[in-house]
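Peer 1: Chains A and B are the protein sequences, given in the same order.
With our numbering as the guide, the letters of the first sequence map in order to residues 1 to 253.
With our numbering as the guide, the letters of the second sequence map in order to residues 254 to 506.
Hints are not guaranteed to be accurate.
[What the hints assert, rightly or not] Each computed SDA-like pair below joins lysine to any residue, with the alpha-carbon atoms no more than 25 Å apart:
| no. | chain 1 | residue 1 | chain 2 | residue 2 |
| --- | --- | --- | --- | --- |
| 1 | B | Lys420 | B | Ile260 |
| 2 | B | Lys281 | A | Pro152 |
| 3 | B | Lys281 | A | Glu200 |
| 4 | A | Lys28 | B | Val278 |
| 5 | B | Lys281 | A | His78 |
| 6 | A | Lys167 | A | Glu200 |
| 7 | B | Lys281 | B | Ala494 |
| 8 | B | Lys281 | A | Gly168 |
| 9 | A | Lys167 | B | Pro301 |
| 10 | B | Lys281 | A | Ser252 |
| 11 | A | Lys28 | A | Ile81 |
| 12 | A | Lys28 | A | Glu234 |
| 13 | B | Lys281 | A | Ala51 |
| 14 | B | Lys281 | A | Lys167 |
| 15 | A | Lys167 | A | Pro211 |
| 16 | B | Lys281 | A | Arg42 |
These are computed hints drawn from the structure, not numbers from a lab.
Protein chains: 2
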Amino acid sequence: MPIQSPIAGLLVIGNEVLSGRTQDVNVKFLATRLGEIGIPLREVRIIPDIAEIIVATVNETRARFTYLFTTGGIGPTHDDITSECIAAAFGLPWEPHPEAWALLEARYPPGGFNSARQRMATMPRGARLIENPVSVAPGFEIGNVFVMAGVPQVMRAMFETLVPRLKGGPPVLSLTVYAVGVAEGMLAAGLGAIQIRHREVDLGSYPFYRPDGNGVAVVAKGTDRAAAEAAIVEATALMRALGGNPMPGEPSA
Amino acid sequence: MPIQSPIAGLLVIGNEVLSGRTQDVNVKFLATRLGEIGIPLREVRIIPDIAEIIVATVNETRARFTYLFTTGGIGPTHDDITSECIAAAFGLPWEPHPEAWALLEARYPPGGFNSARQRMATMPRGARLIENPVSVAPGFEIGNVFVMAGVPQVMRAMFETLVPRLKGGPPVLSLTVYAVGVAEGMLAAGLGAIQIRHREVDLGSYPFYRPDGNGVAVVAKGTDRAAAEAAIVEATALMRALGGNPMPGEPSA
Chain A
1 MPIQSPIAGL
11 LVIGNEVLSG
21 RTQDVNVKFL
31 ATRLGEIGIP
41 LREVRIIPDI
51 AEIIVATVNE
61 TRARFTYLFT
71 TGGIGPTHDD
81 ITSECIAAAF
91 GLPWEPHPEA
101 WALLEARYPP
111 GGFNSARQRM
121 ATMPRGARLI
131 ENPVSVAPGF
141 EIGNVFVMAG
151 VPQVMRAMFE
161 TLVPRLKGGP
171 PVLSLTVYAV
181 GVAEGMLAAG
191 LGAIQIRHRE
201 VDLGSYPFYR
211 PDGNGVAVVA
221 KGTDRAAAEA
231 AIVEATALMR
241 ALGGNPMPGE
251 PSA
Chain B
254 MPIQSPIAGL
264 LVIGNEVLSG
274 RTQDVNVKFL
284 ATRLGEIGIP
294 LREVRIIPDI
304 AEIIVATVNE
314 TRARFTYLFT
324 TGGIGPTHDD
334 ITSECIAAAF
344 GLPWEPHPEA
354 WALLEARYPP
364 GGFNSARQRM
374 ATMPRGARLI
384 ENPVSVAPGF
394 EIGNVFVMAG
404 VPQVMRAMFE
414 TLVPRLKGGP
424 PVLSLTVYAV
434 GVAEGMLAAG
444 LGAIQIRHRE
454 VDLGSYPFYR
464 PDGNGVAVVA
474 KGTDRAAAEA
484 AIVEATALMR
494 ALGGNPMPGE
504 PSA
């Protein structure tokens, strides 16, 4: 990808998110960190622990993004099938990974590295490990696919060990201004005009509802700081013209 | 769908989730409520405010699910393009909706129903409104697609007004047991055997990490209460055999 900017896709694999049992927090973390390192996240899919769906989705999405990340399904139990599905998607053997095997064998007391845990050391042939500083069992990288744990503290630690391997573009900056008492519908026409004057900036408008007053936040995102700042200066003036008292940053919850 | 059970897909439309600005909470709400009314959520896609992507994703997914829900992108600003994209996906004119127009015209003071706000009353021809008890501007239904707001309190209110229109199957029940001090890797073999004995139940295993002790939760989901209860009884016995003190319900955070 010498010219085109890198972009990322994310597969959240797990029935627990689709059933409502678990509130996902990995999307927000990865979206934020990927933007910071210049690999904007372009799509997320949340899919169940069903082999055919995982295989098909991996193959469809890995072709469309510079980097495809996955979270979830790499533990020791019967519903942890991400690793074997990635092997199937790539048409690769799923086999003991010597380095992962040694790490996990050393982790457990004699006899504790049972067949369930051995599955966590079984990977697509040629996988490169992603270190797990929290609980040892590693993730892995194969092709442009990065397979990480679903438990947030483990996923975050894995991602940070991975960052030096990823080639990002310019970081995506995000600037925000908000004003209580300004209605989105009054702001809309002027904001649309600002967007047209600053096409290289991605301008978003987000209403908020707080006990001390409703209002709207305007977010300018892009890789060009001067352009994002110019758009925010204009949005600030627009909010003031509409009778608001605009403040930089996000409104507190 | 007289024989096949209904299933749902969800499109979360919005750059603010993909950039990490906003923590999505709509997936968990809809996943939970849809399970309760017997329309399990099978896939979620989070996509940006880009017309071609929205149109293509709507057309791909509406063919695969009994019901397709969307959240986000129906406000008055330039980045709110969901409604016109749904019209394009269906090949329908996007035109003033008389009922929505009357609702919104009555909502604002004279002159306040400006061209930006008129966009919120412009819909695919033939759309049926989804009432918005919070902030008036309605969502809409067209074909099997249900277009709702992204702001959580508005989306939730819209969804509840919609429930009587949706034809669900038997509700998906979820039973949970957890035990501190039980390692997932020790539980795995026995749990896999329980899953094989109760194929009609979806058994999941989720490790947790708490200051007062790590452990694992086992969740049994399905539409057959007796089967889910039987699986949980066996999982409870398994946890006890592994030295745990299993407790019903979810571990507190």
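Peer 1: A separate judgement is required for each hint: does it hold in the structure or not?
Peer 2: For each hint, the structure was consulted:
In summary, the hint linking B:Lys420 to B:Ile260 is supported, as the alpha carbons are separated by about 10 Å, within the 25 Å threshold. Only pairs whose Cα atoms come within 25 Å are accepted, and B:Lys281 paired with A:Pro152 is accepted, the gap being roughly 16 Å. With a C-alpha separation of about 34 Å, the suggested pairing of B:Lys281 with A:Glu200 is violated against the 25 Å cut-off. Restraint check for A:Lys28 and B:Val278: the C-alpha separation of about 11 Å stays at or below 25 Å, so the hint holds.
Annotation: proposed proximity of B:Lys281 to A:His78 holds, straight-line Cα distance about 24 Å (limit 25 Å). For the given pair, A:Lys167 sits about 22 Å from A:Glu200 by alpha-carbon distance, which is consistent with the 25 Å threshold. At most 25 Å may separate the alpha-carbon atoms for a hinted pair to count; B:Lys281 and B:Ala494 exceed this at roughly 33 Å. With a CA separation close to 31 Å, the supplied pair B:Lys281 and A:Gly168 exceeds the 25 Å bound.
Restraint check for A:Lys167 and B:Pro301: the C-alpha separation of about 22 Å stays at or below 25 Å, so the hint holds. The hinted pair formed by B:Lys281 and A:Ser252 meets the criterion: a straight-line CA distance of about 23 Å does not exceed 25 Å. About 24 Å separates the Cα atoms of A:Lys28 and A:Ile81, which keeps this hinted pair within 25 Å; it holds. A threshold of 25 Å between alpha carbons decides the hint, and for A:Lys28 with A:Glu234 the separation of about 28 Å lies outside it, so the pair is violated.
Using a Cα cut-off of 25 Å, the hinted pair B:Lys281 and A:Ala51 holds, with the two alpha carbons roughly 23 Å apart. Between B:Lys281 and A:Lys167, the direct Cα distance comes to roughly 33 Å. Violation of the 25 Å bound is thereby established for this hinted pair. Proposed proximity of A:Lys167 and A:Pro211 is contradicted: the alpha carbons are some 43 Å apart, above 25 Å. Using a Cα cut-off of 25 Å, the hinted pair B:Lys281 and A:Arg42 holds, with the two alpha carbons roughly 21 Å apart.
Of the numbered hints given earlier, the model fails hints 3, 7, 8, 12, 14, 15; all others are met.
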